[in-house]
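Enquirer: From first to last, the protein sequence lines are chains L and Z. One point on numbering: in the working numbering, the residue at position 184 of the first sequence is 184, and numbering is uninterrupted. One point on numbering: in the working numbering, the residue at position 221 of the second sequence is 221, and numbering is uninterrupted.
Fair warning: there could be bad hints in the mix.
Quick list of the computed label-pair ranges, beta carbon to beta carbon [what the hints assert, rightly or not]:
1) LYS183(Z) <-> LEU30(L): 31 to 41 Å
2) GLN73(L) <-> LYS76(Z): 29 to 39 Å
3) VAL274(L) <-> GLU78(Z): 40 to 50 Å
4) LEU133(Z) <-> PHE46(L): 32 to 42 Å
Don't read these hints as lab results, they were simulated from the structure. We put the CB at the ideal spot given by N, CA and C, even for glycine.
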Amino acid sequence: MFTLLRIEIYKIFSKPRTYLAFAAITALILIVQLGLKVDGNEYAAFVLADLSNTLQIDGKIINGYFVCYVVLQLLLVHVPLLIALIAADMISGEANMGTLRLLVTKPVSRSGLLIAKFLASAVYTIILLIWIAVLALFVSMYIFGTDDMFLLKNNYAVQIEKADIFWRYAGAFFFATLAMLTVAALGFFLSQFADNSIGPIVATMSIIIVFTILSTMSIPIFNIIKPYLFTTHMVAWKEFFDVKLNADNETIAGSLQRGDKIIKSAAILVLHIVLFVGASIWVFKKKDVLS
Amino acid sequence: MKKYCSILLTLFTFHVSSFTSKAQDINQLVEQVKSKLNVVNDYIAEGKMKTDIAFIKAPVGKIRIYFKKPDKFKLKRETGISILPKGGVTMNIGSLMTTNDFTIIPAGDMLVNGIKTKVVKLLPLNENSDIILTTLYIDEANRLVKKATTTTKENGTYDIEMTYGKFSQYGLPDKLIFSFNTKNYKMPKGVTLEFEDNATPEEKANMKNKKGKVEITYSNYIINKGIDDAVFKN
Numbered sequence: 001m002f003t004l005l006r007i008e009i010y011k012i013f014s015k016p017r018t019y020l021a022f023a024a025i026t027a028l029i030l031i032v033q034l035g036l037k038v039d040g041n042e043y044a045a046f047v048l049a050d051l052s053n054t055l056q057i058d059g060k061i062i063n064g065y066f067v068c069y070v071v072l073q074l075l076l077v078h079v080p081l082l083i084a085l086i087a088a089d090m091i092s093g094e095a096n097m098g099t100l101r102l103l104v105t106k107p108v109s110r111s112g113l114l115i116a117k118f119l120a121s122a123v124y125t126i127i128l129l130i131w132i133a134v135l136a137l138f139v140s141m142y143i144f145g146t147d148d149m150f151l152l153k154n155n156y157a158v159q160i161e162k163a164d165i166f167w168r169y170a171g172a173f174f175f176a177t178l179a180m181l182t183v184a185a186l187g188f189f190l191s192q193f194a195d196n197s198i199g200p201i202v203a204t205m206s207i208i209i210v211f212t213i214l215s216t217m218s219i220p221i222f223n224i225i226k227p228y229l230f231t232t233h234m235v236a237w238k239e240f241f242d243v244k245l246n247a248d249n250e251t252i253a254g255s256l257q258r259g260d261k262i263i264k265s266a267a268i269l270v271l272h273i274v275l276f277v278g279a280s281i282w283v284f285k286k287k288d289v290l291s
Numbered sequence: 001m002k003k004y005c006s007i008l009l010t011l012f013t014f015h016v017s018s019f020t021s022k023a024q025d026i027n028q029l030v031e032q033v034k035s036k037l038n039v040v041n042d043y044i045a046e047g048k049m050k051t052d053i054a055f056i057k058a059p060v061g062k063i064r065i066y067f068k069k070p071d072k073f074k075l076k077r078e079t080g081i082s083i084l085p086k087g088g089v090t091m092n093i094g095s096l097m098t099t100n101d102f103t104i105i106p107a108g109d110m111l112v113n114g115i116k117t118k119v120v121k122l123l124p125l126n127e128n129s130d131i132i133l134t135t136l137y138i139d140e141a142n143r144l145v146k147k148a149t150t151t152t153k154e155n156g157t158y159d160i161e162m163t164y165g166k167f168s169q170y171g172l173p174d175k176l177i178f179s180f181n182t183k184n185y186k187m188p189k190g191v192t193l194e195f196e197d198n199a200t201p202e203e204k205a206n207m208k209n210k211k212g213k214v215e216i217t218y219s220n221y222i223i224n225k226g227i228d229d230a231v232f233k234n
């Protein structure tokens, strides 16, 4: 299994398009960081305009932790495309090149082959997220320094103390990994049904775009189906950045306002991963491989 | 007729002399409070600040406050971001009373937290002053300001309530509660990028409480040791 995994990882990282994702991520993050470095105070003034009518907020609002949050909010919507680019190509790419039939003639089980392929795309996903973490979090911390986080929600604002933030990012990135693995599993599953990569990649992205729009629209009829869409649960990483209050209206360090929501959403995403990968193995085992 | 006139004149004279006497008493009381505060040329205070605003979740933070006569004031949170009511609120009675640029009007007596106080209204003489009116509730026996209500042109009305302890001989409080009005908070989703609304109706109702409070509990004062003016610059 380990040899199979190594081969699949080698295949992924020997394709130039794999590095496109890293280049795109790097460019996007650096652009956001440059913008906030140059005009960060104007951006802070814009987002705090409503509060500034009654309150005076002093401190380093635009700091590394805040910048990372902004980057993640912008980026985690687009990263699925980069994940789909690889995961949806895992089977269909082989079929397109005519190597799939050859591959299944090798003395390895189809289940083992599929698991190795999925694990390889999972490794790619995790490396991509680590790269995002390095650039968005650590580089931002280096450029902008650190301070408390002051975040604006729809109905309230939250201030999280500096010492209480880092573990939240660890949790958020772990959660983001689950969310992106769900996208990878979906792309991987759709990859079974085509002989070229374009179809599964576009199908994966189309599903994510449609589901995301349904998840974000505040229209009552869509509220019924929202809990059943995995895209609704993919954004639960933001829950790491909300804190509970005690009876005296003071924030409780180390607390999560909706920890139950994080656990529930994580469980739903894991279930999706298992279902998509399980379905992929089931389909592939029954598949008459002709290409 | 002559008799009625003389009674009216006597009453008027009595009323005027009584008011003059009251005004003199109040002026004397304000002067006594001022002279107590005037002993303090500068101070550095350490303490904790709690921001209690319905729509803001903020931790209690350690703060350091710098004051220098006549009205230099700076509040610094030891680490992190500080949230204060707008308007450069000095949270300091000293800066309200360091000038003579106001008219003093006596306004009777009132109980503040069970303590009998003299109510004094201060009307600024300077028309350009942001402060329209300040009402002080002075504990006559101890010559301490227990409460102040200030109405400003730009930032509405705010109350300051003070509790005194070991630094009462300087007129400096151990605890200060600053109350002010806030506006409703509602952020566009395009700004927050939060498209899901998880708050329950109960939570939303609680967030509409329009009164905000900042509580400062002082642990120590360093008085008249001198402060560099650079501290007050941003």
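Enquirer: If you test the structure against every hint from before, which numbers come out violated?
Expert: none
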